[in-house]
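Join the two chains into one complex using the hints; note that each chain is given alone, in its own frame.
These protein sequence lines map, in sequence, to chains A and B.
At position 38 of the first sequence (counting the first as 1) the number is 38 in my numbering, and the numbers step up by one without a gap.
At position 26 of the second sequence (counting the first as 1) the number is 26 in my numbering, and the numbers step up by one without a gap.
No lab work stands behind these hints, which were simulated from the structure alone.
Just to be clear, a hint being listed does not mean it is correct.
To be verified - Counterexamples of contact, computed for chain B against chain A with all Cβ distances above 10 angstroms:
1. L22
2. G63
3. A66
4. L70
5. D90
6. L92
7. V93
8. T111
As the list claims (entries may be wrong) - Heads up, simulated EDC-like pairs for lysine to aspartate or glutamate below, C-alpha to C-alpha not over 20 angstroms straight-line:
9. A:K157 to A:E123
10. A:K166 to A:E123
11. A:K166 to B:D15
12. A:K166 to B:E19
Backbone N, C-alpha and C define an ideal beta-carbon position, used for all residues, glycine too.
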Amino acid sequence: MTDAELIARALVTDDRAAFGLLVQRHQSAVRNFLRHLTRGDAALADDLAQETFVQAWRGLARFRGEANFATWLLGIAHNHWRNARRRQRNHTPLDETRETEFAVPATTGTSDLQHDLAAALRELSADEQLALHLGYQQGLSHGEIAALLDWPLGTVKTHLARSKEKLRHLLAAWNPQT
Amino acid sequence: MEPADLNTSANTNDDARLEALLRRAAPELSDHGFSARVLAALPAVTESHTPALSRRLVVCIVGAGAGCGLVLWRGVSGTELESGADRLGDALVNLGPSLADPLFTAALGVTLFSLVVAFRAELRHKLRS
Numbered sequence: 001m002t003d004a005e006l007i008a009r010a011l012v013t014d015d016r017a018a019f020g021l022l023v024q025r026h027q028s029a030v031r032n033f034l035r036h037l038t039r040g041d042a043a044l045a046d047d048l049a050q051e052t053f054v055q056a057w058r059g060l061a062r063f064r065g066e067a068n069f070a071t072w073l074l075g076i077a078h079n080h081w082r083n084a085r086r087r088q089r090n091h092t093p094l095d096e097t098r099e100t101e102f103a104v105p106a107t108t109g110t111s112d113l114q115h116d117l118a119a120a121l122r123e124l125s126a127d128e129q130l131a132l133h134l135g136y137q138q139g140l141s142h143g144e145i146a147a148l149l150d151w152p153l154g155t156v157k158t159h160l161a162r163s164k165e166k167l168r169h170l171l172a173a174w175n176p177q178t
Numbered sequence: 001m002e003p004a005d006l007n008t009s010a011n012t013n014d015d016a017r018l019e020a021l022l023r024r025a026a027p028e029l030s031d032h033g034f035s036a037r038v039l040a041a042l043p044a045v046t047e048s049h050t051p052a053l054s055r056r057l058v059v060c061i062v063g064a065g066a067g068c069g070l071v072l073w074r075g076v077s078g079t080e081l082e083s084g085a086d087r088l089g090d091a092l093v094n095l096g097p098s099l100a101d102p103l104f105t106a107a108l109g110v111t112l113f114s115l116v117v118a119f120r121a122e123l124r125h126k127l128r129s
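Here chain B stands alone, though its shape is the one from the complex (with noise of 0.2 angstroms):
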């Protein structure tokens, strides 16, 4: 019997052969329970699936304190800070005349729609929890 030199002219076939060898190599595995197993071990609240409130509150925190620290670290007095807060005072007065306006509140409206669209599946689960 001559051997066949899988490097010669039928090189395609015998790679394709030898491609299907290699994946008929993988033998299925049954379950036998393992997957009960795993279903055992699983933790009791899956507190992961959802950020917790803590971490998002640690987030603001840390990025409040941050900001608050670059202000003190550029030496802002504490006129340039009273200019700012008056500042921002005088635009949420002037936001009161804005949120009477009937298109404004339209927007507002569309935008809690998709909103309440958007995460229905969670406040679903949230209210039946």
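Here chain A stands alone, though its shape is the one from the complex (with noise of 0.2 angstroms):
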């Protein structure tokens, strides 16, 4: 069944079988976004995702599905993420500067090229980081990044081509065929 049958479902008979089948497809990605926002904290990652799909539950009648459902749900985990933030500021100073968490699953910790790679992101800036997130780990488009993180799509396309750029730079010692 697809996301649009399943949001249907869930609107017209307040089915929530149907919008538990929702979160499970798309629990990964939200999660992972978070953890990539919070810098790897994942029990906040996992507070704000809970908070995204009860939002999402809430919203629904308000998903038009102009856009993707997945990148929906994204946009309401940023919103969230961004209030924690502001909370967090009232309380507790926050380096802004300070970069995000890259997601590399530790099971590939072991790989020379893996821990090179996590260490080369390391150095990019904090939008850099979300830009390759938000493209490669969460394969959306140019312009759904922008419509998500209210970007003017050059800044996109810019930080996109900037951080590879980097990371190739930073890699270049790095040659796999020799």
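Given below as structure tokens:
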């Protein structure tokens, strides 16, 4: 069953099981995105992810289908994270320039390349990491990233191009074929 | 070992390899009861799925109030209002014969049928509950 069909069932008949299938289908993407934003704080990310899905349930009627459902969810998640950060900032000052965590699975930690990649990614700015995460880990198009983050399209393209350029430079010493 | 320069001739291949690496870096998180927790946290009544009647009523009242306010503010006289009301009354009286027109009845039937078809799922849900 497609996302659109599940959404219709959840909307028309308040079918929670249908919404549950949507949660199962998209939980990994949303939780990964929030883990990235919270710099790997899994507990906080999961709390925010739960709030994201509850908010999505409440606002399901507002989903018009212009965007991909997954992208819509990531937009809600991003708003929740921004609100949480604002609340947190009121209590403990946050370093705005601190970089976000780029998800690299622990299972690949043994690979030299993955290790080097993780280290190289940490050299990028938070915005560059975010653009890469959305573009490659979440598979969003440039337009979708621009809409989600409220960035101009040119900024998205610049961040992606610049971050790849930096990564190429940082990983220049790595050569798997020799 | 000569390190590969990712900015030179193999640029396209390296770009593809880099992109593949970045895509691979996304771990698939297993659910581990997350969905169940979300479902348990959902509000009991999905009041916001359909706009509440009260909200529609408020909008109507505010709109009507704004219209009346505008009329009063523009200084429309009592006689103007009376003549307007008379004209509206005449129009409603003239509507009677039109309603008796079979074509008009057919058009009304088609409209009603279309509305029922368009909102059949909601109607079925309302009738069931």
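- prompt: Hint by hint, which ones does this structure get wrong, listed from lowest number up?
  reply: Of the numbered hints, just 1 does not hold.
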